[in-house]
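The hints should help you fit chain B onto chain A, whose structure is shown.
Chains as they are written, first to last, in our numbering: chain A, 5 to 102; chain B, 59 to 452.
A couple of the hints might just be wrong.
Unchecked claim - As a list, the in silico SDA-like pairs of lysine to any residue whose alpha-carbon atoms are at most 25 Å apart:
#	chain 1	residue 1	chain 2	residue 2
1	B	Lys155	A	Val56
2	B	Lys359	B	Thr337
3	B	Lys184	A	Ser74
4	B	Lys212	A	His55
5	B	Lys130	A	Gly16
6	B	Lys155	A	Arg15
7	B	Lys155	A	Phe63
8	B	Lys212	B	Gly271
9	B	Lys70	A	Ala12
10	B	Lys184	A	Pro11
11	B	Lys184	A	Arg15
12	B	Lys184	A	Leu64
13	B	Lys70	A	Val96
14	B	Lys370	B	Ala434
15	B	Lys155	A	Ala43
16	B	Lys70	B	Gly239
17	B	Lys184	B	Ser161
18	B	Lys70	A	Glu23
19	B	Lys155	A	Val20
20	A	Lys44	B	Val157
21	B	Lys130	A	Ala12
22	A	Lys44	B	Ser217
23	B	Lys184	A	Ala12
24	A	Lys44	B	Gly116
25	B	Lys282	B	Val246
26	B	Lys212	B	Ala270
27	B	Lys155	B	Ala270
Please keep in mind that the hints were generated in silico from the structure rather than gathered at the bench.
Here is how the chains run, residue by residue.
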Amino acid sequence: MIRVVLPAHLRGLAHVSGEVELDIKGPATQRSVVDALEAKYPMLRGTVRDHVTQERRPFLRFFACEEDLSQESPDALLPDAVVSGKEPLLIVGAIAGG
Amino acid sequence: MSGIRVLVGTRKGAFILTSDGKRERWDVSGPHFAGWELYHLKGSPADPNRLYASQCSGWFGQIIQRSDDGGKTWTQPGTPPGERTTPEGAPKAESNKFVYDTSSETGKPLTTHQFYDGTQHPWEFKRVWHLEPSLRDPDTVYAGVEDAALFRSKDGGKSWQELSGLRGHGTGPKWQPGAGGMCLHTIVLDPSNPERMFVAISAAGAFRSDDAGNTWRPINRGLKSQYIPDPEAEVGHCVHRIAMHRSRPGVLFMQKHWDVMRTDNAGDLWQEISGNLPTDFGFAIDVHAHEPETIYVVPIKSDGEHFPPDGKLRVYRSRSGGNEWEALTKGLPQRDCYVNVLRDAMAVDSLDKCGVYFGTTGGQVYASADAGDNWAPIVRDLPAVLSVEVQTLP
Chain A
5 MIRVVLPAHL
15 RGLAHVSGEV
25 ELDIKGPATQ
35 RSVVDALEAK
45 YPMLRGTVRD
55 HVTQERRPFL
65 RFFACEEDLS
75 QESPDALLPD
85 AVVSGKEPLL
95 IVGAIAGG
Chain B
59 MSGIRVLVGT
69 RKGAFILTSD
79 GKRERWDVSG
89 PHFAGWELYH
99 LKGSPADPNR
109 LYASQCSGWF
119 GQIIQRSDDG
129 GKTWTQPGTP
139 PGERTTPEGA
149 PKAESNKFVY
159 DTSSETGKPL
169 TTHQFYDGTQ
179 HPWEFKRVWH
189 LEPSLRDPDT
199 VYAGVEDAAL
209 FRSKDGGKSW
219 QELSGLRGHG
229 TGPKWQPGAG
239 GMCLHTIVLD
249 PSNPERMFVA
259 ISAAGAFRSD
269 DAGNTWRPIN
279 RGLKSQYIPD
289 PEAEVGHCVH
299 RIAMHRSRPG
309 VLFMQKHWDV
319 MRTDNAGDLW
329 QEISGNLPTD
339 FGFAIDVHAH
349 EPETIYVVPI
359 KSDGEHFPPD
369 GKLRVYRSRS
379 GGNEWEALTK
389 GLPQRDCYVN
399 VLRDAMAVDS
409 LDKCGVYFGT
419 TGGQVYASAD
429 AGDNWAPIVR
439 DLPAVLSVEV
449 QTLP
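Next up, chain A with everything else stripped away, as it sits in the complex:
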């Protein structure tokens, strides 16, 4: 079970108040986590990654275990602590005003 922390805007859109928990089949990667996120919360499709290119939206970043994973391959394995559920994957909006 993977824990994911969403930005407040997306928590509102998904009608959730805290972390979301996702079951991942196969290797836990950024791609498989976002796949599972969009399957469970389809209203989030297009908000984390582009509808067409499937690339991470430019003003969003992925963090875990105090590391910035944003520039990692979307198919790179997530840290063990995220896979075990000890640490969450953080989806964070860029600090760019607003």
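Here is chain B on its own, set in the frame of chain A:
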């Protein structure tokens, strides 16, 4: 008794203001979609409880919302909260998907437009500026988007298809972004002819279709824009908004970047009607609900100074279809006022007397229940107002 519902889009959410026909006491609902930009909300003329909203964010992209109960509850069309699949089994969140048509038949030559620096630039979807529901079918709605293109949904907003004849008619490479981006911001449907519609794009100009949006042609003859290399070019004009009175669909009024214009032949030729306005720069323009020669604008000082001249917020009204304008000031701030009124932030109701409404970037929504003679704020302290639409309810 009739009622009024004012739909307000702001930088940080949507608000719904309601009143009875007296238009004296108002209830304020919101913020809906708090924290998101609401570029536009509009109700269906065929079903007043059917509302569409464009919710967007530079971080999270475009969301389309729909209400079937007059704004009490909202959902992304086709994506009810908590359901894993649609009854039809269709993929969800297609309602947020705006994909340009790049097919070799209909999509060409759609590849590039002119960028700020004059180079060619690929089309990139950014947001929906304007939603225009069909006059007859609540499930049909048009979307004007940035980068400029026209989309249509025929299933209540669940999915969108580009009407690519607009971008594909040939002048697309000459279109360029205005200060707000390259946006299709105005969609006007002809109530007497379902085949005819008008759109306006900054900075390309006005366009007309006479076959329900399949093919288009520029309608900019008579426009003169000193800020482009050829002031009378076929396209390239920064049209800010177009308004029509439903009883005379061949007569259109335009607030251009500079100049207020009118056409009496559905855009075949425009003439300037700025007359005695203190400045003819502005964004909003609208027509009285019962007097097709009575029009309203809010003059803004200049393209570089987006606030009212002399710090006085004045609506100007012409009862003669232009050229002769009177300042309407009662109830509006007449000193130290430096707000803007954006292009989609003015609307009228159809009560007698006609109500006129506009919102400001300072967060005020002003209303006049007597066609502009007297004004009062409904609310004073909303986030910056992007759009105002009004529904007159039975």
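Tell me if the straight-line CA distance from Lys282 of chain B to Val246 of chain B falls inside 25 Å.
Judged against 25 Å, a Cα distance of about 22 Å means the pair holds.
Just to be careful, I want the Cα atoms of Lys130 of chain B and Gly16 of chain A compared with a cutoff of 25 Å; is the pair within it?
Given pair Lys130 of chain B, Gly16 of chain A holds - Cα atoms ~16 Å apart, limit 25 Å.
Hint check: Lys155 of chain B vs Ala43 of chain A, CA-CA at most 25 Å. Holds or violated?
Holds - the C-alpha atoms of Ala43 of chain A and Lys155 of chain B are around 16 Å apart, at most 25 Å.
For a C-alpha distance cap of 25 Å, please report whether Lys212 of chain B and His55 of chain A respect it.
At roughly 20 Å apart (the allowed maximum being 25 Å), His55 of chain A and Lys212 of chain B satisfy the hint.
Keeping to a limit of 25 Å between CA atoms, is the pair of Lys70 of chain B and Glu23 of chain A held or broken?
24 Å, holds
What's the verdict on Lys370 of chain B and Ala434 of chain B, does the C-alpha distance respect the 25 Å limit or exceed it?
15 Å, holds
Need the status of pair Lys212 of chain B, Ala270 of chain B: alpha-carbon distance at most 25 Å?
At roughly 13 Å apart (the allowed maximum being 25 Å), Ala270 of chain B and Lys212 of chain B satisfy the hint.
Take a quick look at whether Lys184 of chain B and Leu64 of chain A sit within 25 Å of each other, Cα to Cα.
16 Å, holds
Straight-line Cα separation of Lys155 of chain B and Ala270 of chain B no greater than 25 Å?
Distance ~22 Å between Lys155 of chain B and Ala270 of chain B Cα, so the pair holds.
Are the Cα atoms of Lys184 of chain B and Arg15 of chain A separated by 25 Å or less?
Holds, because 22 Å separates the two Cα atoms, which is no more than 25 Å.
Given pair status - Val157 of chain B, Lys44 of chain A, alpha carbons within 25 Å
Holds, at roughly 24 Å.
Does the structure keep Lys70 of chain B and Val96 of chain A at a Cα separation of 25 Å or less?
Holds: Lys70 of chain B and Val96 of chain A sit about 19 Å apart, inside 25 Å.
Hint check: no violations occur; every hint is consistent with the structure.
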